[in-house]
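Heads up: the protein sequence lines correspond to chains A and B, in order.
The first sequence begins at 4 in our numbering and counts up by one.
The second sequence begins at 4 in our numbering and counts up by one.
Check before you lean on any hint, since a few could be wrong.
[Said to hold, decoys possible] List time: in silico SDA-like cross-link candidates among lysine to any residue, alpha-carbon distance up to 25 Å:
(1) A:Lys-40 x A:Lys-235
(2) A:Lys-5 x A:Thr-326
(3) A:Lys-109 x B:Tyr-214
(4) A:Lys-105 x B:Gln-86
(5) A:Lys-115 x A:Asn-160
(6) A:Lys-309 x A:Glu-43
(7) B:Lys-333 x A:Thr-326
(8) B:Lys-5 x A:Glu-30
(9) A:Lys-335 x B:Pro-242
(10) A:Lys-105 x A:Leu-117
(11) A:Lys-238 x A:Glu-271
(12) A:Lys-333 x B:Pro-230
(13) A:Lys-40 x B:Ile-317
(14) B:Lys-238 x A:Ile-317
(15) A:Lys-40 x B:Lys-301
(16) B:Lys-321 x A:Glu-43
(17) B:Lys-235 x A:Gly-107
(18) A:Lys-109 x B:Pro-242
(19) B:Lys-297 x B:Lys-335
(20) B:Lys-40 x A:Gly-324
(21) B:Lys-301 x B:Glu-52
(22) B:Lys-333 x B:Arg-97
(23) B:Lys-235 x A:Ala-314
(24) B:Lys-238 x A:Glu-43
(25) A:Lys-155 x A:Glu-114
(26) A:Lys-215 x B:Lys-321
The hints are simulated quantities; they were obtained by calculation from the structure and are not laboratory data.
2 protein chains.
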Amino acid sequence: MKSVFLTPGPSELYFTTEDHIRQAMREQVCSISHRSKAFEGIYKKAVDELKALLNVPEDYHVLFTASATEVWERLIQNCVDHQTCHLVNGSFSRRFYDFANKLGRKAILHEKPLGQGFNADEIELNSSTEMLCLTQNETSTGVQLPIEDIYKFREKNPDTLIAVDAVSSIPYVDLDYSKIDSLFFSVQKGMGLPAGLGVWIVSERCVAKAYKRLENGESAGTYHSLPSLLEKAAKNQTPETPNMLGIYLLGKVCEDMNRRGIANIRQETNYKAALINFLYNEHPLFSHFVQEEKHRSKTVLVGDVKGIAAAELIEKVKAKGMTIGSGYGKNKASQIRIANFPTHSKEIFERLVDVLNEIKA
Amino acid sequence: MKSVFLTPGPSELYFTTEDHIRQAMREQVCSISHRSKAFEGIYKKAVDELKALLNVPEDYHVLFTASATEVWERLIQNCVDHQTCHLVNGSFSRRFYDFANKLGRKAILHEKPLGQGFNADEIELNSSTEMLCLTQNETSTGVQLPIEDIYKFREKNPDTLIAVDAVSSIPYVDLDYSKIDSLFFSVQKGMGLPAGLGVWIVSERCVAKAYKRLENGESAGTYHSLPSLLEKAAKNQTPETPNMLGIYLLGKVCEDMNRRGIANIRQETNYKAALINFLYNEHPLFSHFVQEEKHRSKTVLVGDVKGIAAAELIEKVKAKGMTIGSGYGKNKASQIRIANFPTHSKEIFERLVDVLNEIKA
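Extracted from the complex, chain A is given alone in its bound form (with noise of 0.2 Å):
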């Protein structure tokens, strides 16, 4: 039977996907050359209207990767030479700080206890800092870091690139990209899309940081340095046979998200998370994980549970057609995940509501 995917890693495919999908077999996009101008109007068709869903300024640039894992690797070897300062409290941000450890920069670690999240007037950058890389959205606790903040960070250290993490958060994070320099994504959570795909939106900063990495005789890696993204995305190409599949499905879904409207979009994403924090406000079987309201994530809804064994309790959601996420790592036994994405319906979250008020302990 199938299932309503409410997970925050994989997700629910958006509600078009499998329409596309049938489309591009029609179109047989994945025969057309990479280099051909079929494939080049396929491109400029997804970097457009995701630059029209997100507000994304014309003078940033949208290129693609494999995966925002990807872009944890990509961000360090293009824009930094020596120093970044990230802020932990989640699996997903210790390993971008991990990532810039192994690639043999000095990393600056300021961390929180899990469930808690930072505030901009708490943390002095060192002036060496070339980098602060922020988790916008912590897919493993559902901290979110408030866009307040982020600007904060911006006014206070205004030399200092900001790189965001929005993994989980995009399209309903609403940011001013000009009080950042890097935000990036990958497809398979807000966006409804096949995993094997990653966003990265750069600032004009970011590319002269990795042009001054080569005048310096510094690498800023291969195929996917930014010189070599930018140099093919001028022409709507990529340097590698991308996934071409998933660019197009990209185009498609943002046209559609479009059509639907970005603040109808947040809008309703706002009353799902409602109905869920009341849930958890009230229920005696669940408490919020994240006591800070304003760190609280409107995307990942993350739940302690008291009174039954978590699998137990996802069990009984899932004899009811609806698959939601487990705590993750360490609190995989007493916690939930409730992912809340663009293509999850009020009406699901309703009947999930409805669900979850059912069981007992």
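For this one, chain A is given, so just place chain B on it according to the hints.
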């Protein structure tokens, strides 16, 4: 109107691929967790079926990247401290060489004019060469390196790692893997799958070299270092959320090919190549680009075209429902490239020959 793609870039999908995509949608392959038992089963099936198809020894590892382009980078990062040696006779072998330079290694270059191949007897390796980088099938020129020459390199240089780019000859090429250390390809050519997945086969000698680099304080990259890939592969997982649909389809198509029998596929490939070779020998409009018969690829058949512009000829073939490839780079105007992959039936090749025979200058 749909066309049959006989192009050596992305090409015609394997004739069962579309059905498998539909089945993947029914099974919700794109929504399940990449850390679930269900995905581990998909991963294991792909590895097992591929190993059976290509007769890969038990102690060789099958790993997944985003492209064969990525493997050029990962091989050098993981397995080379100082020096590589490259046999270059086309655009793709040259890019492998470029990658070694970009990553700060000393790359020894042996070069042949386009259309010519190498003989193992004429190449002496410098004793400091850690990895010999071979392009078994140069997609840009249709030149192959016979496997007997690869084995001669091994005999003469038993301590050098041998890496084989077989992007456009898999699954046709029939290699004894114990005589090489790595082979890699992307799936959008002979395997007939959507682009966005690379397959990287590695020996224990490659693995040992990567661990040695880490012990010596050298970098082997981050999530796609061999140690990181192998740690997850041991659990039938990947370090990042991968192209799950691609891995699913690879397992299914390898299973289909195993059922058909790799010996049959190879025999049919030989038959189809013979049809085109006869045409290139006999037809007044065509001649072989690759003069030396032993260096002629069976899977990418490159012909010089005289008396008619290649673009015009390609259009005439397209009007009959078939898309063949143009020459690569500077040979675009004067050459055609015909892919001969397992999805291309004998009947399609017979029809192509009829169509080409009807064309007048």
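In rising order, the numbers of the hints this structure does not comply with: Of the numbered hints, 6, 7, 11, 15, 24, 26 do not hold.
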